[in-house]
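> Sequence:
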Amino acid sequence: MTQKLSAVRYIKNNKRRCAVLIVSLGLCFVMTYLTQFLLSTTEESFRPILLENTKKLQFIQIAGSSYGLDVDNTNQEEFNRLWNEKNHELAKKLETHRGIKKAYNAQILWAVIAPAVGNMTYEIPLVEKEEIPVILEHFGAVLSEGRLPENPGEIVLDGATMKNQGFTLNHYFDETNYGKNFKIVGIIDCSSYFGCGIPSDNNRQSSRIIVLSEDIQDISSHLKQEGIEVRENYDSIVDYSWGEEFFYNEITAVLGTSSSYIYVGIIILLSVSLLIVYTMYLRDRRNEWCLYYSIGYSKTTIYFSIIRELLFNFTAALLIGIVLIVAAQWILYAVMIEPQGLKCKYIHWKTIGQILCTYMLIFGILQIPVQYALFKIRTIDAMEDELYS
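Numbering-wise (our numbering), the sequence shown opens with residue 1 and increments by one.
Possibly wrong hints are sitting among the right ones.
[Stated by the list, open to error] List time: in silico DSS-like cross-link candidates among lysine-lysine, alpha-carbon distance up to 27 Å:
{"hint": "1", "residue 1": "Lys-224", "residue 2": "Lys-299"}
{"hint": "2", "residue 1": "Lys-129", "residue 2": "Lys-102"}
{"hint": "3", "residue 1": "Lys-101", "residue 2": "Lys-224"}
{"hint": "4", "residue 1": "Lys-86", "residue 2": "Lys-56"}
[Said to hold, decoys possible] Beta-carbon label-pair distances, calculated as ranges:
{"hint": "5", "residue 1": "Gly-99", "residue 2": "Ile-331", "range": "42 to 48 Å"}
{"hint": "6", "residue 1": "Leu-143", "residue 2": "Gly-99", "range": "23 to 29 Å"}
{"hint": "7", "residue 1": "Glu-214", "residue 2": "Ser-65", "range": "47 to 53 Å"}
{"hint": "8", "residue 1": "Gln-225", "residue 2": "Leu-318", "range": "26 to 32 Å"}
Bear in mind the hints are in silico, worked out from the structure with no lab data behind them. Keep in mind the model is a prediction, meaning the values are calculated, not measured. Idealized CB from N, CA, C, for every residue including glycine.
Full structure from sequences and hints, please.
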């Protein structure tokens, strides 16, 4: 017979069975995609710190021995004086370089951003009161609440950092480490995580050369022009070259590996579960297909009817999964991501590709029980002969 078997009729009469398959596939889609969505809060929150801030602001720490100072035979007070003099001299020389707007020998603090996975620190420059508007303008930051720092130990922070760390205006920054010396007196609007302030009266904060630049990627080339060779394990530089390497090697690569493990785990779990459930599902339908075969439908016609059922279930699962993902992303952003001052990415083409590949893989795996079920089909006469033989 050339007439097609209707897949829709069976789906209507077996809503519960089809719903189980659709829900299982849809949840696979949702779990895979939302895992990547939540992991993106780490990557997207760290991106501006490592790839945007480092183009505008570089931090340099040169060891005393790199300046040629005698570390072993100089008392600490004299060594610190000489080291600061060298830092001031180098900062003044760097200001003459093309692309460098300002350079300071200044203190810094560290602020922390904590997304779904891991955490990242970024530097807060501590400079003189007069330099704060210069730095904020360089970053495109605008005061939105409170005031600019006017006294020692006062800082401003961006709103996203305030949310992430649970700070409020007039909150004391990092109370444990700095003994309530840094008070948040203002909140700024900024495209990245950032802050700046005035040094406190004590001198326990780390000192760095701070460089305001116009998109300098490798500050070490400028140091070489001043006779400073950056030595690994002695000198420290935070610039775009360092940030780019760290971001792709330590953030993107690590998260990519983690998401791959999660993806493989979901595939294995779902494939095994569906293979078992679908095999039982096909076994229950054997009598139906034997009846079709007995009245003249070929095994090929029955096979394509099964395929149409599967395609309907897979398509429905994909559409339902998309709706659930959009809704879940909106809810997660509203209740978790935005209130914590984090950034995220909504569309992940690689993950979408992985999901489609997963669907094709599972569709292929389910052909095994389908082909076995077709092989076991007999006419009613043959089934009776087998029963009474």
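> Look at each hint and say if it fits the structure.
Comparing the hints with the structure gives:
Using a Cα cut-off of 27 Å, the hinted pair Lys-224 and Lys-299 is violated, with the two alpha carbons roughly 78 Å apart. A hinted pair counts as satisfied when its Cα atoms are at most 27 Å apart, and Lys-129 with Lys-102 qualifies at roughly 15 Å. Straight-line distance between C-alpha atoms of Lys-101 and Lys-224 comes to about 18 Å, which keeps the hinted pair within the 27 Å bound. Of the pairs offered as hints, the one joining Lys-86 and Lys-56 holds, with about 23 Å between alpha carbons and a cut-off of 27 Å not exceeded.
Distance hint check for Gly-99 and Ile-331: the Cβ-Cβ separation is about 45 Å, which falls inside the suggested range of 42 to 48 Å. The hinted window of 23 to 29 Å between Leu-143 and Gly-99 holds, with their beta carbons roughly 27 Å apart. Range check, Glu-214 to Ser-65: about 31 Å between beta-carbon atoms, so the 47 to 53 Å window is missed. Under the hint 26 to 32 Å, the C-beta atoms of Gln-225 and Leu-318, about 58 Å apart, miss the expected range.
Taken one by one, the earlier hints fail for this structure at numbers 1, 7 and 8, listed in ascending order.
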